[in-house]
Amino acid sequence: MNTAALTVGGTDRVREIATAFGLTLLVAALCAVLLAVTGVNPLRAYLEIVRGAFGSPNAIAECLVYATPITLTALSVILCFRCGLWNIGADGQVYIGAIAAVGVGFNTMNLPGALVLPAMLVAGFAAGAAYAAIPAFLRLRFGSSEVIVTIMMNFLAATFAIYLIGGPWASGITPATGPIVSSGVLPIIIPGTRLSAGFIIALLAAAILSRVLSSSVFGFQVRTIGQNINAAKYAGIRVNRTMFLSFAAGGGLAGLAGFGEIAGIYHNLPAGLSPGFGYTGIVVALLAKLNPVRAVVVAFLLGALNVGADSMQRALGVPVSIVAIMEGLLILLILAARLIDRR
Amino acid sequence: MTLHSFVEITFWISLLAASIRIATPLIFASLGETVVERAGLLNVGVEGMMALGAVSGFLAAFYSANAWIAFLVAIVVGSLAGLIFGLLTVVRGADQIVTGIVLNILALGVASFVYQNAFASANNVPQLHVTTAPLALPWLSNIPWVGRALFAQSPLVYLAYLLVPVFWFLLERTPWGLNTKAVGEHPEAADSLGIDVWRVRLQAIILGGAMAGLGGATIAVAQVGAYVDGMIAGRGFIVLAIVVFGGWNPWRVAFASLFFGAAEALQLRLQISGMGLPNQLLPGLPYLLTIVVVVFVAGRAGYPAAINQPYLRRGLTIMPKLFQKSDG
Amino acid sequence: MPAFVSNTSEIDVSRSAQWTLSAISVTKRYGSVQANTNVSLDLRAGEVHALLGENGAGKSTIMKILYGMVLPDEGHVEIDGRPLTLLSPRDAIHAGIGMVFQHFMLVPTLTVLENLTLGTHLAGQYMLRKSQARRALTEIARRYRIGINLDRKVSSLSVGEQQRVEILKALVRGARALILDEPTAVLTPAEIADLGVTLRELAAEGHGVVIVTHKLAEVLSISDRVSVMRQGRMIGTWRTQDTNADELVVRMIGRNLDEARLASEHRPGKIVVEMKEVLTRNRRGLRGLDSLSLQISAGEIVGIAGVEGNGQGELAEALTGLCRIDSGDITLNGISIVNRPTAEIIAAGVGHVPEDRHRDGGVLSFSLTENAILVDHRSPSFQRHGFIDRHTAASFTQRLINDFSILCSGPDAEFGDLSGGNQQKLVFARELARSPKLLIAMQPTRGLDVGAIEYVHKRLLEQRTAGMAILLISTELEEVLALSDRVLVLRNGRIAGALARSEATMEAVGELMLGSGRTETDGIAA
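Residue numbers (my numbering), protein chains in the order written: chain A, 1 to 343; chain B, 1001 to 1328; chain C, 2001 to 2526.
Heads up, a few of these hints could be off.
Chain A regions said to be covered by chain B (calculated; three or more residues, Cβ under 8 Å) [claimed, not checked]:
(1) 116-127
(2) 321-331
Once the Cα atoms are required to be at most 27 Å apart in a straight line, the calculated DSSO-like pairs of lysine-lysine come out as [as the list claims (entries may be wrong)]:
(3) C/K2270 to C/K2153
(4) C/K2437 to C/K2458
(5) C/K2458 to C/K2276
(6) A/K233 to C/K2153
(7) C/K2270 to A/K233
(8) C/K2437 to C/K2215
Derived from the structure by calculation, the hints contain no laboratory data.
For clarity, every value in this text was computed on a predicted model and none was experimentally measured.
Heads up, the beta-carbon is just placed ideally off N, CA and C, and yes, glycines get one too.
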């Protein structure tokens, strides 16, 4: 697998931005046609998206709320893809991280208050890492396609979550589990909104990953493996170990997303926790050309798109699935155009 | 059912019938993907193509009240999706895994969007009143024990029976099949012999998309009678494992599909059996089985040699390897 | 005319027909590089015509033009005075021109029969007609006395057998003019002799054959006429019997072969590397190294000669820890390095210039700096607390660029942007800068032009004089003979024989490569 075409290239920066802009406009135009066909005024719809996303401080906070988990899943995908492995399992890792966080969050072990939150964070990361370690191991030891295995594990994780919500952890009231203890709640950083410290965690993770990839020995090894695995072996890099570690770390990052949703937003484990955070994370990673810092920006924009689309659905009845269409179209068009930029 | 059911013949026959029924959409999609992979393409977008087939088939059936038109529409829609995948990966050289994943996102979004727009005002899930009723074949369905299980099924099942040898014949006994195999193993060689690598691959993926569409429509129209977001539920990915499990051979792929069909049928029976098994964990069985299959059927080995590699030259000048920069 | 050959050929196919295929004043440019300048070449029916030249002389380009793979900027191709329009290999095949590539175009998982019918009329329209194809192919094979088994999978054939299939492939398509690109590069001496017989048979049947090669031996033994190219120009064409090796060499490289012999005497120091009865298995599970033993001392170049595929890759992998060693011992300055991780072996002082610089030697999309520290990025000179010291790395790279005269825009240039010769220089520079105790140089001059080759040879000799132990693995026999203090011949994974410099002649080495002990090797000239 060659990630070279997906990563930040040395090509003309201006041309890149211009192309991206042009393609976005093209997507907007195509979707405008789609909207018109379904009887909706596209301009009104787009206006509603913008209004819904940026119309108030609360709205912008909501954008950041949405951006938090998809930043983390995007970082997960970025780390794995850069190392030459396909992590399509971020969704499942989010669920597992969430389940672990909730499990610790019930505090049946009666930890002192101050330790609950850190314990939940560690549990979320560790669970996600462990869950990712399985497909990594299977791939490295048996050559099993991590694409298929991670996708299967997504379904397994979701199934397990449903089982817990309906069974052992049922709360009896809503399709969710019972609540976690109050010391397991991440503080809100903008009062009056839902934006929690989880967002800060996401930003920190992006900064750390960026530095690790660009300047650290581990990051150098990861990148070498992703670009040319033979050269990595020749240079004495421990390929299997590095691939395993990066995949596990990726799983941990996705698990952190799960933790963030639990500790920051829901405070219990709801059914339908992840509306495809893992897959949106892939979208973000690709649009960010596998660059962690860019991923934050892209995540915000996609968050805005989703929040705005929610508002648009309430106001105009346009299904939110249009967002998936926009995302998909944009990336496909970029893929189609990519060869123009490739040398 | 109880544990005792396992020794009763009737249980197994009923399981066989259900397995065949459940396996049919898998067989369609897997046969298509077999050809696609033999041509050197890895189509991870089968799930999305099946979803498009499901939604378009359902809508066509709903509005035309004719099941066969529905399947036709689904085949066309699936072919178009396949064509898009082909244009991006074959002609533009885009990464096949990325394209497939993104196509899934797009396709699922389109399916959901189209469906919700069609039934925006409906309060309950619209049901189809036209289904493909089981058709008992005259003499065959009277075979003792297995006759009804095998030959008193929906006509689509018979179509599946037919398509398996057809696909085998296509791959093994036609020039197109030979070209396809060459293109998937060594596209440079095929190109040097004047075979149009792009054309063969595009034809393969269009066929694959058509079959995936048919498979999705089978689920929506012939089995469930409705469309629900997420109804494909990962079957498109299980198809990928089925193809590996079946060694890229249409006959074995069909049996592999049957195997998975049986797992699902068994899981359903266990769910309602009242045997005290955790009901909400049982649906995970097919996914677990897929993982087991993928792990134990020797991972990477067996894939056509040129799989998942774009072939960037066409006809005229043959690929970059033959043209060295410093060599005259 | 046999019915099985599709008669769309432009060339008269009867056995005694006289025809001439010519390239007239062909010029082809790739950017600023003039690959062919005013090249004219003609091939007559019934002859074996050698096209001789070094790497980079322009032979491949003119051949690709004849086969329709490349369009000339000026000039054209004609048959008996009639110009041909060749826009693709299909047109060339249509005109009766066939080509056998250096890298075989055979599908390994298909049988010989399937490979031969692929893309031809023999395959049929809607159904494969296997029995018909079988009859036709057996007939062709018999006619040209080419022995093959139609039902074997190509992957199970030897290299020589695969080449025969390739030739048949061209014949099935009605090729009258055959172009063979470096046909003997991968053959054993016995197979080369067989090929010579086949080519003469083809010529006798009225075909015309061009063999593109840089090997003098084959030219002199097989061809009727020889054309020499140098730096994109056609120097001339002579009847083979009217010329000799020395004359041809002068024409090929423009001067007498310098015989870059070693200046100083062979004064080996202590033993640096010792391999004792090393057994390995290669990737396909077959025997790799078969109880191989050898020694290399400081200040000497040990050359490994042998036909490709006899264990050269496995030898390099065993010494660098890239493959598992089943039994035996390898010591570096007394310390065992058997089955140690590569990083450890590198740190112990082993340098490796790999045979494929694109696949193993560097990362094309990385900068020169990142490639320069590729092997040493763990060392304290380039990293602190797990983070890479970019500044030190960059100045190190600049030093390498200066010392080795690497043509580039600076340490931040992309490795993939450099020419092959400069890429190889960087790989060399990187390895030499680490002052390894043992340097493994594998095919170090593959794909390089004459100037770069000279440069590499010079540096190797310098390091040898300075006391480095060097293992030179190369399938270019002239290179091995020119540089080595001792020559070891590798055959089937073991050392078939060792020759000191004074004893190492082409014949002696050739005999050991052959392995049958025959002193007379048919078809191989000295």
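Hint check against the structure, violated hint numbers in rising order: Violated hints (numbers, rising): 1, 3, 5, 6, 7, 8; every other hint is consistent with the structure.
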